[in-house]
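Chemist: Heads up: the sequence lines are chains L and W, in that order. To convert, take the position in the first sequence, counting from 1, and add 4; that gives our numbering. To convert, take the position in the second sequence, counting from 1, and add 4; that gives our numbering.
Please keep in mind that the hints were generated in silico from the structure rather than gathered at the bench. Not one of these hints is a red herring.
The list cannot tell twin chains apart, which means a pair is met if one copy fits it or any two copies do.
Below, a list of computed lysine-lysine pairs in the DSS-like style, where the Cα atoms sit at most 30 Å apart: (1) K229 x K20; (2) K20 x K81; (3) K83 x K20; (4) K81 x K229.
Number of protein chains: 2
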Amino acid sequence: MSSFDFVQGLPPPAIKWTGFPKYNFVGGNNDADQVPVEHLTAASNAVLAREGATLATYGLNSGPLGYRPLREFLVGKLKRDAGIVCTADEILITSGSLQGLDLVNGVLLSPGDTVLIEQECYQGSITRLTRRGINIVGIPLDDEGMRIDAVQNALADLNAKGIKPKYIYTIPTVQNPTGTILSEQRRRDLLKLADEYGVPIFEDDCYADLIWNGKRPPAIYAMSKANNVIHIGSFSKSVAPALRVGYIVAKWDVLSRILSIKTDAGSGALEQMVLAEFCAAHFNDHVPKLTKGLRVKLDALMDALAEQFGTAAEFDDPKGGIFLWVRLPDNVDTLKLYQAALASGIAINPGTEWSVNAAHSKSRLRLCFASPSVHEIREGIAALAEVCRKEFGVPERSANIEKARA
Amino acid sequence: MSSFDFVQGLPPPAIKWTGFPKYNFVGGNNDADQVPVEHLTAASNAVLAREGATLATYGLNSGPLGYRPLREFLVGKLKRDAGIVCTADEILITSGSLQGLDLVNGVLLSPGDTVLIEQECYQGSITRLTRRGINIVGIPLDDEGMRIDAVQNALADLNAKGIKPKYIYTIPTVQNPTGTILSEQRRRDLLKLADEYGVPIFEDDCYADLIWNGKRPPAIYAMSKANNVIHIGSFSKSVAPALRVGYIVAKWDVLSRILSIKTDAGSGALEQMVLAEFCAAHFNDHVPKLTKGLRVKLDALMDALAEQFGTAAEFDDPKGGIFLWVRLPDNVDTLKLYQAALASGIAINPGTEWSVNAAHSKSRLRLCFASPSVHEIREGIAALAEVCRKEFGVPERSANIEKARA
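Here chain L stands alone, though its shape is the one from the complex (with noise of 0.2 Å):
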């Protein structure tokens, strides 16, 4: 018998994978078509004859915050995109923006601590403040994203039970799994409330890249004017998700506490290097190519849905990004239909585990549409549609729909 006594408490052990189901419409998976391996290994090139030797070294040549040029194409980058002003110093590179949620919660977090977070939210957000004991508050989003009369309400009565929350985490642009994108507007508000209940605001703009038509608000960073914004990337989105580099903009008060729990030595380097490499010349070039590529395969996805189960699936058109989500009839419970459609080889995210609030997710499922391919789309559409009318009677097979079909 093992002699290993494992802590209490810890999530159940992993599954053995087996592969990917033939219709994959979950995890921020992108379009394999669209990696610009060219490119990237151009870049692997220059960077490696020029630096290559560097490896020997923890944090080549550039330190605990990351490579340099990396954070010096961010500079450029978050004035641009993003108008967020900040120098190099103020950014540290992460592994993954998964890494920058743990060290921000790292920092911040303690258990029975309470935060507010949309309702509609990442699972790996979600299921992190879970685990650390976190008393969350979900704020009811629309399609301008998070409702800030919401916001006010929930401050004020924590206020008046004498919590204060440790932060209001947000997806504010291209929100998963809403894809709304929070109005000027409302960020301007969100802030005032987060300054006048001095509250900080934890934003997460790891989607922020990939925007239909290119046009973004500031930042809730840029438009902080109090030091009360901790502001969170990634290149998964918008160059490749298996790289694994992300990245946390800060003042260094803050960054210099995040900076020391951080005791990886420093997260790869190779990657950060081709990155660095890669972007200067390419991403500006890059982005608005993935993103026309992945509007069509949200077109198709929305005329399968269309096609397939009529009026029985509501959605709003996302402002961008790689995911919809999608309304059903009350009566179908996505969990369950999460499984049957498992068992036919389509993957699909129930709704429950994107939300804190099951009545109102209960119905509803996450649809990632940049990893299949179009006729991927069509065809898992359809084979859900027959597992959803086979466990719900929903769709029903209504003349319009198979008009459609013919």
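Given the coordinates of chain L, work out where chain W should sit on it, guided by the hints.
Modeler: Only chain W this time, still in chain L's reference frame:
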């Protein structure tokens, strides 16, 4: 004023990095001249051309355990070098062996738990335990590594108090910082004790590739009959530290628990891909060449110490690795020496940071010789001797030393 309310007990804020000291004898940095840049470039070109598009997917096509060809390489390497028989599904690729430490600690340790570790030990392992609120029992070492009689006494003492340690942590093969190798007999004895007391062993083998004569005993993991060992390793020392690629070897019942708390969406894929491609073709030729070069630097360091410090500096010739553990006379406080040396552009590791026994380690220091050139080693040790003489009157300006310097 900032509204950030940091949690209690954080480490002090990080200090801004201002570049490397002139003479850098700290950290696990390696020899810049020995980074196999050409082969890494060729590996990058080959693997990107073949599989670059898979970067669009988290975990590539390999799932959460890491890039399968790298795990396959390790299966062969661990068999040949360490006698470990395992499958690719018993290996988890990590972001450096530091993530391995965090993950293993994460599934096994709660505040107040007790562990046994070598009294002189890797600083990163000690601070990780301290931050988790773990009771550390240090086991003294001699020139064959961890003293098994002391392990036996410690286990018996704890048992009498009703305390069962969560693990025995050891760096058995080129111990950090002492450079010893735990003999095969001691490994057998340690396993017997572990079995008797039902305490698992946590084997950290990150330096095991760098042995002067290329010969090492089988890994403790390989010798265990009772599924009670977790083994971790790294490519940081054998290929390049900045790459941040390590691994954990464990049976699936243990690895599945570890994997469940690895919530980083995979370790950096490009580095895994390039390493796998490089290692399959060149690892076996690269390591002996690297080791030969390191031995030249060690000889330079030992010569410089003898020349500059004479009999004031005592040390054993390490069996491999990248550092030398040096004892100075009792009146030298190496923490003070460290501060004075740093002011003169010389970085050393003071003994107390690499030990859980302050009295034993107060006059000791660790010197890493892999990164500085032979010339820098000579100049740096001369400069260190000057600082030490000024601060502590050691080494004395004896005729003997003067002669050697002439």
